[in-house]
Amino acid sequence: MQQSYAAVLCEYSLGTGLEGGMMAAAPGECELTRLLQDKLQYEMRLQYMKHYFPINYTVQVQYEEVLRPSNITRLRNGTVSEAALRYLWFHVSSQAVLRIREVLPEKHPSWKYTQELCRLFDALGKEYSEYRQTDVEAVVADLVKLVHSMGAESRRKPVRPKALLDNCLKVMRMLYGAPSWEWFPVLFHRGKNEAAPAKMTPAGLPRASLQQAAGLKACQSPAFPVQVPT
Numbered sequence: 061m062q063q064s065y066a067a068v069l070c071e072y073s074l075g076t077g078l079e080g081g082m083m084a085a086a087p088g089e090c091e092l093t094r095l096l097q098d099k100l101q102y103e104m105r106l107q108y109m110k111h112y113f114p115i116n117y118t119v120q121v122q123y124e125e126v127l128r129p130s131n132i133t134r135l136r137n138g139t140v141s142e143a144a145l146r147y148l149w150f151h152v153s154s155q156a157v158l159r160i161r162e163v164l165p166e167k168h169p170s171w172k173y174t175q176e177l178c179r180l181f182d183a184l185g186k187e188y189s190e191y192r193q194t195d196v197e198a199v200v201a202d203l204v205k206l207v208h209s210m211g212a213e214s215r216r217k218p219v220r221p222k223a224l225l226d227n228c229l230k231v232m233r234m235l236y237g238a239p240s241w242e243w244f245p246v247l248f249h250r251g252k253n254e255a256a257p258a259k260m261t262p263a264g265l266p267r268a269s270l271q272q273a274a275g276l277k278a279c280q281s282p283a284f285p286v287q288v289p290t
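Heads up, our numbering is the position in the sequence shown plus 60, with the first residue counted as 1.
Keep in mind the hints are simulated off the structure, nothing from the lab.
Among these hints, one or two may not hold up.
No farther apart than 27 angstroms at their CA atoms in a straight line, the calculated lysine-lysine pairs in the BS3-like style are these [what the hints assert, rightly or not]:
1) 99 / 110
2) 172 / 230
3) 172 / 99
4) 110 / 172
5) 186 / 172
6) 167 / 205
7) 217 / 172
8) 230 / 99
9) 230 / 217
10) 222 / 172
11) 167 / 99
12) 186 / 222
13) 110 / 167
14) 167 / 222
15) 110 / 230
16) 110 / 222
17) 205 / 217
18) 99 / 186
19) 205 / 230
Small disclaimer: the values here were computed from a predicted structure and weren't measured.
My request is simple: use the sequences and hints to build the entire structure.
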């Protein structure tokens, strides 16, 4: 698996000691997570991560690459900072998207959608590169190291692609609530057993930020064949 921007950031940030914390989400971070939320609408996850894959198709991921709301709750109860939790979410989620991207040939109908998610996570990684965090607790630092550790490849489990993105969105909503997005009105409608955000356009976001997010080089990974449903 090719080293992602998140992996490079992990080596830099954990290796330098991380200074000058980021307790509150920065504006650029909020813009990009807003765009991710728009891309992770229920209908898109259902179409691209379930309908376009064979029935019961799974992706092999490391145990540490599955981050659920219950994990966040447990870490919060252990007094882990919100900044560290966002940092963990970024590394786990970007790696999970890369796992999905790995198995998709370029002609697969979900390839472009997954590639767009990769671009947004790469842009979010650049936002994190502006900081040196001091509040990454040891438990989070250890988890991030495991996510990017080749030695953990033997500890893998099968997970459905949609489940990976479901967890990504659920945890993102836990970590980026009204305080970070209060200047983005969000309307909700019901989608199969969940409240999913209504489709919204990014009009109103600063043009420069949108261009930066869209213009970044997409993550590249070896393509492995996946049967395209007919």
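Structure-based check of each hint:
1. With a CA separation close to 15 angstroms, the supplied pair residue 99 and residue 110 stays within the 27 angstroms bound.
2. A distance of roughly 23 angstroms separates the Cα atoms of residue 172 and residue 230; the hinted pair therefore holds under the 27 angstroms criterion.
3. Between residue 172 and residue 99, the direct Cα distance comes to roughly 12 angstroms. Compliance with the 27 angstroms bound is thereby established for this hinted pair.
4. At most 27 angstroms may separate the alpha-carbon atoms for a hinted pair to count; residue 110 and residue 172 meet this at roughly 15 angstroms.
5. Proximity of residue 186 to residue 172 is assessed by CA-CA distance (about 21 angstroms); at most 27 angstroms being required, the pair is judged to hold.
6. For the given pair, residue 167 sits about 33 angstroms from residue 205 by alpha-carbon distance, which is inconsistent with the 27 angstroms threshold.
7. For the proposed pair residue 217 and residue 172, the alpha carbon gap of about 25 angstroms is at most 27 angstroms, so the pair holds.
8. About 13 angstroms separates the Cα atoms of residue 230 and residue 99, which keeps this hinted pair within 27 angstroms; it holds.
9. For the hint pairing residue 230 with residue 217, the CA-to-CA distance comes to about 20 angstroms; that is within 27 angstroms, so the pair holds.
10. With a C-alpha separation of about 16 angstroms, the suggested pair residue 222 and residue 172 falls inside the 27 angstroms cut-off, and the hint holds.
11. Between residue 167 and residue 99 the alpha-carbon distance is near 20 angstroms, which keeps this suggested pair within the 27 angstroms criterion.
12. For the hint linking residue 186 to residue 222, the alpha-carbon distance of about 26 angstroms falls within 27 angstroms, and the restraint holds.
13. For a cut-off of 27 angstroms, the pair hint linking residue 110 to residue 167 stands: about 17 angstroms separates their Cα positions.
14. Between residue 167 and residue 222, the direct Cα distance comes to roughly 19 angstroms. Compliance with the 27 angstroms bound is thereby established for this hinted pair.
15. Proximity of residue 110 to residue 230 is assessed by CA-CA distance (about 17 angstroms); at most 27 angstroms being required, the pair is judged to hold.
16. With a C-alpha separation of about 6 angstroms, the suggested pair residue 110 and residue 222 falls inside the 27 angstroms cut-off, and the hint holds.
17. Restraint check: the Cα-Cα separation between residue 205 and residue 217 comes to about 18 angstroms, which is no more than 27 angstroms; the hinted pair holds.
18. Restraint check for residue 99 and residue 186: satisfied, since their Cα atoms lie roughly 19 angstroms apart, inside the 27 angstroms limit.
19. Note on residue 205 and residue 230: the hinted pairing holds, with a Cα-Cα distance of about 23 angstroms set against a maximum of 27 angstroms.
When the structure is compared with the earlier hints, a violation turns up for hint 6 alone.
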